[in-house]
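Chain by chain, the residues run as shown.
Number of protein chains: 2
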Amino acid sequence: MTVIEQMGASAKKASRFLINAGSSKDDALLAIAKALRANSAEIIKANDIDIENGRNAGLTESLLDRLRLTAERIEGMAVGVEQVANLADPVGRVLDGRTLKNGLKIEKVTVPMGVIGIIYEARPNVTSDAAALCLKAGSAVILRGGKEAINSNKAIANTMRNALAEVGFPEDCIGLIEDTSRQSATELMQLTEYLNVLIPRGGAGLIKSVVNNAKVPVIETGVGNCHLFVDESADIEMAKNIIFNGKTSRPSVCNALETVLIHKNIAEKALPEIKAELDKKNVEIRGCSVVKAILGDCVVEAVEEDFANEFLDYILAVKVVDDIDSALEHIAKYSTGHSECIVTSDYANAEKFTTSVDSAAVYVNASTRFTDGGEFGLGAEIGISTQKLHARGPMGLNELTSSKFIIKGNGQIR
Amino acid sequence: MTVIEQMGASAKKASRFLINAGSSKDDALLAIAKALRANSAEIIKANDIDIENGRNAGLTESLLDRLRLTAERIEGMAVGVEQVANLADPVGRVLDGRTLKNGLKIEKVTVPMGVIGIIYEARPNVTSDAAALCLKAGSAVILRGGKEAINSNKAIANTMRNALAEVGFPEDCIGLIEDTSRQSATELMQLTEYLNVLIPRGGAGLIKSVVNNAKVPVIETGVGNCHLFVDESADIEMAKNIIFNGKTSRPSVCNALETVLIHKNIAEKALPEIKAELDKKNVEIRGCSVVKAILGDCVVEAVEEDFANEFLDYILAVKVVDDIDSALEHIAKYSTGHSECIVTSDYANAEKFTTSVDSAAVYVNASTRFTDGGEFGLGAEIGISTQKLHARGPMGLNELTSSKFIIKGNGQIR
Chain H
1 MTVIEQMGAS AKKASRFLIN AGSSKDDALL AIAKALRANS AEIIKANDID IENGRNAGLT
61 ESLLDRLRLT AERIEGMAVG VEQVANLADP VGRVLDGRTL KNGLKIEKVT VPMGVIGIIY
121 EARPNVTSDA AALCLKAGSA VILRGGKEAI NSNKAIANTM RNALAEVGFP EDCIGLIEDT
181 SRQSATELMQ LTEYLNVLIP RGGAGLIKSV VNNAKVPVIE TGVGNCHLFV DESADIEMAK
241 NIIFNGKTSR PSVCNALETV LIHKNIAEKA LPEIKAELDK KNVEIRGCSV VKAILGDCVV
301 EAVEEDFANE FLDYILAVKV VDDIDSALEH IAKYSTGHSE CIVTSDYANA EKFTTSVDSA
361 AVYVNASTRF TDGGEFGLGA EIGISTQKLH ARGPMGLNEL TSSKFIIKGN GQIR
Chain D
415 MTVIEQMGAS AKKASRFLIN AGSSKDDALL AIAKALRANS AEIIKANDID IENGRNAGLT
475 ESLLDRLRLT AERIEGMAVG VEQVANLADP VGRVLDGRTL KNGLKIEKVT VPMGVIGIIY
535 EARPNVTSDA AALCLKAGSA VILRGGKEAI NSNKAIANTM RNALAEVGFP EDCIGLIEDT
595 SRQSATELMQ LTEYLNVLIP RGGAGLIKSV VNNAKVPVIE TGVGNCHLFV DESADIEMAK
655 NIIFNGKTSR PSVCNALETV LIHKNIAEKA LPEIKAELDK KNVEIRGCSV VKAILGDCVV
715 EAVEEDFANE FLDYILAVKV VDDIDSALEH IAKYSTGHSE CIVTSDYANA EKFTTSVDSA
775 AVYVNASTRF TDGGEFGLGA EIGISTQKLH ARGPMGLNEL TSSKFIIKGN GQIR
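Heads up: the sequence lines are chains H and D, in that order.
Residue 1 is where the first sequence starts when you use the working numbering, and the numbers rise one by one after that.
Residue 415 is where the second sequence starts when you use the working numbering, and the numbers rise one by one after that.
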């Protein structure tokens with residue numbers, strides 16, 4: 001058995017304990033929160049090593065900032081764990097049920113997934129966030145974080161494991177893979193005997209690697225090439241505000257706006273207003289030839305790639321389209337199925353857009369930036385699924401559970 | 415583009431038509447049923463070739479019987495399609511919804527999967543069954559059946575495609591891969607650009623090949639190493655009847671019983687009665703040493719493998735265990751997560767068993783043979799999922815859908 005196979009076997013064993021753990025899971029979460037606070041200085045010391053190594057390796061300031069832990073941020077992690085403890089238990093909900101003619105009573109009940117794998121990048125707060133959500137959902141978790149955060153992650157994971165032991169839980173409810181080689185990630189992706197689901201959290205490269213290498217069931221998350229269509233009947237002021245918010249309130253996230261499509265009959269009037277707004281944040285516009293003709297040389301000529309990629313930056317692709325059908329065609333071709341929006345005052349077009357666009361979240365007259373578990377009122381969020389199996393859009397605790405049928409009889413045979 | 419990539423692209427295009435097809439899907443299904451009846455003779459002629467080839471290839475009589483189509487069986491397929499037309503539309507159900515403080519109205523609505531792939535073996539009736547369910551669920555389907563049934567499948571698929579065209583539907587809502595090489599199956603498993611989900615229907619070998627080769631999301635189906643535990647407090651008469659039914663009513667199916675575990679304090683009394691019942695169908699018992707000591711030399715000594723495999727035959731593995739915890743350990747080790755049963759009159763043990771056993775269907779005092787979409791009242795069934803993601807247990811039309819969030823606002827920004 002390899003180290004990771006052993007972790008899988010231990011996690012599976014721990015997951016059997018969790019099936020019957022009930023509300024004691026909340027005690028364990030509160031113990032974890034307390035331990036994070038108590039070990040704050042130690043965790044920061046470990047984080048200092050990661051920061052030092054990161055600086056030497058030439059990480060950008062923005063990456064170093066994501067990596068950095070402070071007393072305040074660790075307090076935030078502890079509060080996050082406490083909030084998860086206070087959420088309703090997603091396990092044991094009766095989803096459906098009936099009594100059959102033969103007297104069999106059937107219930108469909110939510111149950112833990114079993115063992116959940118999480119692969120993520122250099123954000124050490126994910127270590128406690130993800131572990132807390134999985135624990136609350138009654139599953140053991142195997143974490144595989146990025147190498148840049150390994151010392152921080154080890155300190156956080158050990159803190160959580162010790163807290164589990166103190167309240168009589170198996171430590172292996174939470175496991176951290178300490179080997180940060182590419183090989184260890186691949187091994188986790190193929191741990192079919194032990195892993196019930198794998199959730200990658202990170203950029204397009206990570207997601208692609210998981211899709212190509214995984215043999216365990218995967219929930220794809222996160223890549224968002226989000227579109228907004230300004231319909232002929234749009235309120236230009238509203239469109240301008242939603243576009244500005246979608247593009248500039250936080251360009252690095254997956255629900256940020258990447259492409260604006262605009263109806264040809266409103267383009268000439270609306271584009272200069274939109275441009276003026278975006279200029280406040282120096283957003284670069286990459287436009288089709290019609291956009292360029294309207295806005296002039298300040299617009300960069302868009303190439304095919306500009307419509308296909310997530311910029312995650314102060315850059316926006318803009319294209320003039322003939323009508324809503326052309327907009328739908330464009331979206332069907334380039335969308336990653338995350339979030340799309342129509343700005344319109346036309347009832348039929350609003351309905352057509354929401355029905356026809358095949359994305360996790362489809363908006364009428366609101367910013368794509370709302371695609372978020374917290375904003376949607378789902379409580380904490382483990383990620384945003386862009387696939388269609390199991391969960392789609394923001395995933396909360398409920399999406400971390402499976403279900404089973406329980407059938408009670410008194411001797412029925414078929 | 416390869417042939418299969420082209421089929422994927424065509425299916426994806428057809429799936430966009432289906433998103434808006436609404437209740438006209440039922441007209442298409444009725445047209446398909448009518449066409450199956452009208453083309454019955456032609457389909458049987460194609461089937462004759464498969465039967466002839468199968469006989470020459472030395473297929474067993476039972477396989478030839480699965481492969482054979484008669485006017486009666488084709489009528490059954492047509493009736494099956496009509497029944498699907500009469501089911502409620504699984505698309506457009508509002509699963510959840512709320513209005514947020516900022517006035518955004520959020521709904522979670524069921525939507526089609528998109529393109530569904532089905533890989534199956536030599537049962538030509540699956541061709542129309544699966545296609546009808548996928549069509550009703552608003553998805554295009556790409557079928558890849560076994561080579562033994564290829565002539566039958568082509569005749570059935572062409573019949574269905576022509577019927578679609580007659581009612582103005584894209585023919586490519588239903589596609590059949592005519593190349594039955596292993597390579598074509600692998601290519602379908604990796605068609606990530608077009609396939610939203612792949613459902614294999616067949617034996618353990620097929621399922622394993624899909625898990626190992628697939629890059630698209632998969633729903634594993636079917637392998638059932640089903641257990642029954644006779645608790646100390648069991649009604650022996652009831653246990654005997656449920657075991658006989660589970661093992662002998664249809665040994666070749668996935669919900670048939672494969673292993674009986676029996677509490678040591680009831681074994682001596684119960685085993686001879688159970689054995690006498692099973693003798694009526696000449697069931698071979700492979701028992702542990704204690705079973706052998708009780709029942710004598712008529713029992714074959716069980717080896718490890720007997721507890722791990724599906725017999726799918728008139729063979730039953732039997733083991734005496736110390737208590738319910740030993741039974742739970744055994745099940746956790748050997749179960750494939752399909753269906754397990756406890757026969758008991760003890761409340762606490764019934765609750766412990768249903769909570770602790772991690773399978774799609776967990777029974778108290780009833781036969782595992784009930785694990786079936788029709789028996790559970792789910793309408794038609796596309797398969798029985800033994801994985802924990804998306805769907806678990808019998809999958810009906812609802813499990814063939816995904817969902818999306820629709821968010822309606824009046825200019826909200828974040």
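Watch out, some of these pointers could steer you wrong.
[Unchecked claim] Below, a list of computed lysine-lysine pairs in the DSS-like style, where the Cα atoms sit at most 30 Å apart:
no., chain 1, residue 1, chain 2, residue 2
1, H, Lys45, H, Lys208
2, H, Lys215, D, Lys629
3, H, Lys208, D, Lys427
4, H, Lys13, D, Lys629
5, D, Lys654, H, Lys105
Derived from the structure by calculation, the hints contain no laboratory data.
All values reported here derive from a predicted model rather than from experimental measurement.
Here's how the hints hold up against the structure:
no.	hint	in the structure
1	Lys45(H) / Lys208(H)	violated (34 Å)
2	Lys215(H) / Lys629(D)	holds (8 Å)
3	Lys208(H) / Lys427(D)	holds (24 Å)
4	Lys13(H) / Lys629(D)	holds (28 Å)
5	Lys654(D) / Lys105(H)	holds (21 Å)
Going through the hint list in order, the structure does not satisfy hint 1, though it satisfies all others.
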